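Colleague: Listed here are the chains, written in short residue letters.
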Amino acid sequence: MASMAKVLGLIFANMHEQTLPELTKARAMASVPFGSKYRLIDFPLSGMVNSGITQVGIITKQNYYSLMNHLGMGSEWDLARKTGGLHILPPYGREGAGMYRGRLEALAGAAEFINESNAEYVVMADSNVIANMDMRPIVDFHEKNEADITCVYGKVVYSTERALTQTILCVDENNKVYDVLARPAMSGEMNVALNIYVMKRKFLEDIIRESECRSLYSFETDILQHRLQNYKVMGYKYEKYFEIIDSMKTYYKATMDMKNRDISHEIFSLDTPIYTKVRDIAPAKYGIDCSVKSSLVADGCIIDGIVENSVLFRGVKVGKGAIVKDSIVMQGAVIDEKASFINAIADKDVTITKNRTITGSADFPVYISKGGVV
Amino acid sequence: MNYGKMLDFHKSKNADATIAVLEVPWEEASRFGVMSVDENDTIYEFAEKPKEPKSNLISMGVYVFTWSKLRKYLIDNENDETATKDFGKNIIPAMMANNEKMVAYHFDGYWKDVGTIDSLWEANMDVLDPKVPLDLLDNSWKIYSRNPVMPPHYAGPQSRIENSMIAEGCEINGMIDFSVLFAGVTVEEGAIVRDSIIMPNSVIKKGAVIEYAIVGEDCVIGEGAHIGERPELIEDKSQWGVAVIGHRVNVSDKAVAPPKAMISKDI
Numbered sequence: 001m002a003s004m005a006k007v008l009g010l011i012f013a014n015m016h017e018q019t020l021p022e023l024t025k026a027r028a029m030a031s032v033p034f035g036s037k038y039r040l041i042d043f044p045l046s047g048m049v050n051s052g053i054t055q056v057g058i059i060t061k062q063n064y065y066s067l068m069n070h071l072g073m074g075s076e077w078d079l080a081r082k083t084g085g086l087h088i089l090p091p092y093g094r095e096g097a098g099m100y101r102g103r104l105e106a107l108a109g110a111a112e113f114i115n116e117s118n119a120e121y122v123v124m125a126d127s128n129v130i131a132n133m134d135m136r137p138i139v140d141f142h143e144k145n146e147a148d149i150t151c152v153y154g155k156v157v158y159s160t161e162r163a164l165t166q167t168i169l170c171v172d173e174n175n176k177v178y179d180v181l182a183r184p185a186m187s188g189e190m191n192v193a194l195n196i197y198v199m200k201r202k203f204l205e206d207i208i209r210e211s212e213c214r215s216l217y218s219f220e221t222d223i224l225q226h227r228l229q230n231y232k233v234m235g236y237k238y239e240k241y242f243e244i245i246d247s248m249k250t251y252y253k254a255t256m257d258m259k260n261r262d263i264s265h266e267i268f269s270l271d272t273p274i275y276t277k278v279r280d281i282a283p284a285k286y287g288i289d290c291s292v293k294s295s296l297v298a299d300g301c302i303i304d305g306i307v308e309n310s311v312l313f314r315g316v317k318v319g320k321g322a323i324v325k326d327s328i329v330m331q332g333a334v335i336d337e338k339a340s341f342i343n344a345i346a347d348k349d350v351t352i353t354k355n356r357t358i359t360g361s362a363d364f365p366v367y368i369s370k371g372g373v374v
Numbered sequence: 375m376n377y378g379k380m381l382d383f384h385k386s387k388n389a390d391a392t393i394a395v396l397e398v399p400w401e402e403a404s405r406f407g408v409m410s411v412d413e414n415d416t417i418y419e420f421a422e423k424p425k426e427p428k429s430n431l432i433s434m435g436v437y438v439f440t441w442s443k444l445r446k447y448l449i450d451n452e453n454d455e456t457a458t459k460d461f462g463k464n465i466i467p468a469m470m471a472n473n474e475k476m477v478a479y480h481f482d483g484y485w486k487d488v489g490t491i492d493s494l495w496e497a498n499m500d501v502l503d504p505k506v507p508l509d510l511l512d513n514s515w516k517i518y519s520r521n522p523v524m525p526p527h528y529a530g531p532q533s534r535i536e537n538s539m540i541a542e543g544c545e546i547n548g549m550i551d552f553s554v555l556f557a558g559v560t561v562e563e564g565a566i567v568r569d570s571i572i573m574p575n576s577v578i579k580k581g582a583v584i585e586y587a588i589v590g591e592d593c594v595i596g597e598g599a600h601i602g603e604r605p606e607l608i609e610d611k612s613q614w615g616v617a618v619i620g621h622r623v624n625v626s627d628k629a630v631a632p633p634k635a636m637i638s639k640d641i
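Sequence order for the protein chains is A and B. Residue numbers for the first sequence follow the working numbering, beginning at 1 and rising by one. Residue numbers for the second sequence follow the working numbering, beginning at 375 and rising by one.
If you're looking for bench data, these hints aren't it; they were derived computationally from the structure. It is possible that part of the hints are untrue.
[As the list claims (entries may be wrong)] Taking CB as the label site, the calculated pair distances span:
no.	chain 1	residue 1	chain 2	residue 2	range
1	B	Tyr518	A	Asn260	30 to 36 angstroms
2	B	Pro531	A	Val157	24 to 30 angstroms
3	B	Leu510	A	Asp172	58 to 64 angstroms
4	B	Arg622	A	Glu266	23 to 29 angstroms
5	A	Thr272	B	Met375	39 to 45 angstroms
6	A	Gln18	B	Asp592	46 to 52 angstroms
7	A	Asp280	B	Arg622	23 to 29 angstroms
8	B	Pro399	A	Thr272	50 to 56 angstroms
9	A	Thr272	B	Met434	44 to 50 angstroms
10	B	Arg622	A	Thr83	36 to 42 angstroms
11	B	Arg604	A	Asp280	33 to 39 angstroms
12	B	Asp592	A	Glu337	39 to 45 angstroms
13	A	Thr272	B	Ser626	28 to 34 angstroms
[To be verified] Think about it this way: if two alpha-carbon atoms lie no more than 27 angstroms apart in a straight line, the pair counts; the simulated DSS-like pairs of lysine-lysine are:
no.	chain 1	residue 1	chain 2	residue 2
14	B	Lys505	A	Lys354
15	B	Lys580	A	Lys259
16	B	Lys579	A	Lys293
17	B	Lys516	A	Lys320
18	B	Lys580	A	Lys293
If you're wondering where the values come from, they're calculated on a predicted model, not measured in any experiment. Built from N, CA and C at the ideal position, the CB exists for glycine as well.
Isolated chain B (complex conformation) (with noise of 0.2 angstroms):
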């Protein structure tokens, strides 16, 4: 996101706050922080996580302020002994309450809030859509990190790798679709790994199957292990999720961990 654009908006606008926002499905509204505006962008009503929203355009939780507002608000907070000193609750309320001006960015660009399994998984899986407007390859909006010392990868004579992302350090003998890997990911012989998110170090021995799964750094998924399973193979949909493995997990050989198993201790 370009922090610069809203900045420039802000002061355009002449507001006192800007609150950067995106519309998103009703159904989901009453998750977020929802904002009514009028015609100009104007914010007339906020209301956090709302049973009924009025709204479908919600807070990014992206703000700029004013420096001489917002310091005159958080003192007067701090000052408040009835105050729960919390920014949803307490900062942006009175501001509106006192007619400060409010106005709403609106951002067009990717986002999204990956606070549940599902959700990280869903963001691992968008970075390989070529339609998802999420390009980390474009040198010009580079998204900085801290670069492991580590060789290029390797893709060995065994593998096959198809529609997936994969970092330095990689050994890879497996096959691979449609995933993630982080770096320093061994992949060992017939090892299959499908939608599915390797985070660093991790070791998935021969014959291993990983679908549908988040895998946490450092594990050792051991021979003919089973982690996941892919949702057209279970018949009751509630059954079906993301399986996650933690760190620093060792799955013994031909160990099976089912559709949203959340393993943190070895099995």
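This is chain A alone, in the form it adopts within the complex (with noise of 0.2 angstroms):
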């Protein structure tokens, strides 16, 4: 099995805002809060740290004060290390840097950062996949292979409603891919990519190099399409859990996705946690005459009325006589006495306030932005 040890892992904390706009309003894709106390990035970080990466580079872009304040120094994932350890990568961390159009460019203004690591691998991920990944098979997967890029892709029922950033993948039976269509007006089963991608460090600074001189930014575009020939470039096929986050709806699936005990069981294995910034915050009260079922509850809330298959963040209040029901509530909200919440998602410190009643659709969950009073 290949040493991870030499492994540098890169994510990427801004990208695909555009498909959430409401939730990336005031912060970074990758401090989108998820499952009831966790933010996007925890999944792709531990994934890497469970995978025995110790070095890992954050590429910001904007919005990024809550993704700095969620990481700290690292210590939560035991990245607070002298030797490799967490470094956040703002967008102007160089001559000529600034806001990147697109990967390549990004990947560009990280040049001395993945230069200096010294690793031997690059693993790049984004935000917005929600898995539980052990990244060592993939390594070894791109090693025995010998390949320049190794492409981590996912079967999804794709349709051009989730077209906004999706890459398909098509990978013949040696598992070389030969064709890579971007939105591409088709539907049914097919193979994602999950813009997770294994390569040579050397490789990689040779693809940023080159682009920089021609001025090429995008990675999928200029390098997995127009140059797809060129290079050695396999797909290797992820047949776990994960979910791609591209729309208020997938991000309200995936929420709910948590309440299954299997899917729970998996994401949040205790042998390869997800780990989170801590809060050190009391147990959840329940108090008189309250009913919670098939919800998750994160410390810190308290319960006194109605609760039903939904997700409650840390410090959430239900009122006495107040339903909450296939609802999303994120860390600090207030549903006030016999308030209803149905079918909605709550952003953090939001007050519903007595007796008003708000009600979304399955498909089309209702969104009340940070702070609001309804």
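Put the complex together from the two separate chains, hints included.
Modeller: Here's what the structure looks like:
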């Protein structure tokens, strides 16, 4: 098995924000709250750490205050280290860098960090895939196939409605990628790229340098599509649970998936845990005449009402006679007495006042933005 | 407890030692170190666990000393070969005898000595009582602890939880009432947990009943087992008390642990 100590992890914190404009208005994609106490970045970052990767760079673009606050020194991921460890890479990290247009320009901005890592391999990932992924077999696969680029993909029922960011890979029986399609007008089960790539560091550095000379900025279009014939590009099929979050609908679905016991036990496996920032908050408190069924509840919640089929983040208050059903309620939000909150998403610190009724539908949940009082 | 306030009090009194004190019912005073104070809160008498207490002000075991004084009395005590080197028996009486300025600091917050099974159980139940002034959710005065890496807890479709505190990683499908569940506890369908404390990672199997009990860490309580009993169902109250299952004990299906039981091996 590959020595993961020689692998550098890179996570793109701001990719695909246009697909989730409500939740990324005031925060990076990577720090979108998910699953009752986590942020999206916890999934790729914990996956890397559980796979033995000890140096990780987080490539940022904008809105990264909440992300920095969340990551801190990286101690929760055991990445507060003297060698390697966690590095947040801001967009203006070097002369001439700035607001990048695509993955290649973003990588060019991090070129010095990549070079100094001295790693043999680089694993890149975005922040919008929920999975508890072991990356060791992917690096092994890459090594064994002597590939230039390994792309991780999964089978997804694809439709043009989900096409905003998705790349389809055509893979032959020897796992070689022979065609790459961006946002095709097709539907059915397809090999959708999870935007997780493995390359040799030297190879990546060559690509970055060449792309800069030619003003290329999109890894998917300029490298995977246009230069597919020049390289050995392999497809690694990921067969365990994953969900790509690329719309409010998929965010809602993936959140609700965490209530499924089999999925939850896989994603929050005690052997390869998902780490997150800890809060030192007391356990949830259930009051008189409350009823909570088929729901995930984080620490610090105070529940005096009815909660069904919902996901409550830390410190949520559900007042007497209030009803929360098929909903996601983020940290610090209050559903006051006798209010109803059904098929809806409340961002952080939202207040739904007494007797108020908010109702969305399962395929179009109502969203209340951060701090809103309704 | 805000020790800063006590230190401010110590300084304002220009004291050599300040001892935090609490008023307890007279009949309980003989279990503690008892303090007699004058109208200025100056301590004029100290008695360790007296048979006939002269006061119902007891020491909480929280002290503020002026550093140089404490150092002097510790060195003197160390050099005294006849001394028992006991804080309550040597240092405090020696300071009293030398007329050092000893004052009592009246603490009016929540305090409970959890040195017995019953008091440990009561303190946990106090956490659930909104009338008890112990707010663990006060963000301005957090109680820090180790945070286990666990997902949020899951209340399943069959769960009925009321009046309880549930930590992360729990999976509940039974009925929980007036109980405190630590991280990673599983309560299966049809199980009942009432007026009890369940410590981390224990599993309560289907149909088991736990009442007025403390279950330790990593225990398995088998299907249909019955731990503890409600006091109203016991005629002879002297036979009633909190049942305790020690850490890592397996209780087999349908086994019974009566009230007051102390189980430390598998049954």
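Colleague: With a cut-off of 27 angstroms on the C-alpha distance, tell me whether Lys580 of chain B and Lys293 of chain A pass.
Modeller: 18 angstroms, holds
Colleague: Does the Cβ-Cβ separation between Thr272 of chain A and Ser626 of chain B fall within 28 to 34 angstroms?
Modeller: Between Thr272 of chain A and Ser626 of chain B, where Cβ atoms are some 33 angstroms apart, the hint holds.
Colleague: Can you tell me whether the CB distance of Asp592 of chain B to Glu337 of chain A sits inside 39 to 45 angstroms?
Modeller: Taking Cβ atoms as reference, Asp592 of chain B and Glu337 of chain A lie about 40 angstroms apart, which means the hint holds.
Colleague: What's the verdict on Lys505 of chain B and Lys354 of chain A, does the C-alpha distance respect the 27 angstroms limit or exceed it?
Modeller: 24 angstroms, holds
Colleague: Are Pro399 of chain B and Thr272 of chain A spaced within 50 to 56 angstroms by their CB atoms?
Modeller: 53 angstroms, holds
Colleague: Mind checking the alpha carbons of Lys516 of chain B and Lys320 of chain A for me, to see if they're no more than 27 angstroms apart?
Modeller: 25 angstroms, holds
Colleague: Is the hinted range of 30 to 36 angstroms satisfied by the C-beta distance from Tyr518 of chain B to Asn260 of chain A?
Modeller: 33 angstroms, holds
Colleague: Does the beta carbon distance between Thr272 of chain A and Met434 of chain B stay inside 44 to 50 angstroms, or does it fall outside?
Modeller: 45 angstroms, holds
Colleague: Could you check the hint for me, namely that Arg622 of chain B and Glu266 of chain A are 23 to 29 angstroms apart, CB to CB?
Modeller: 27 angstroms, holds
Colleague: A range of 39 to 45 angstroms was offered for this pair. Does it hold for the Cβ distance of Thr272 of chain A and Met375 of chain B?
Modeller: Since the Cβ atoms of Thr272 of chain A and Met375 of chain B sit about 40 angstroms apart, the hinted range of 39 to 45 angstroms holds.
Colleague: How does the Cβ-Cβ distance of Gln18 of chain A and Asp592 of chain B compare with 46 to 52 angstroms: does it lie in that range?
Modeller: 48 angstroms, holds
Colleague: Hint says 24 to 30 angstroms; check whether the CB-CB distance for Pro531 of chain B and Val157 of chain A agrees.
Modeller: 27 angstroms, holds
In this structure, none of the earlier numbered hints is contradicted; all agree with it.
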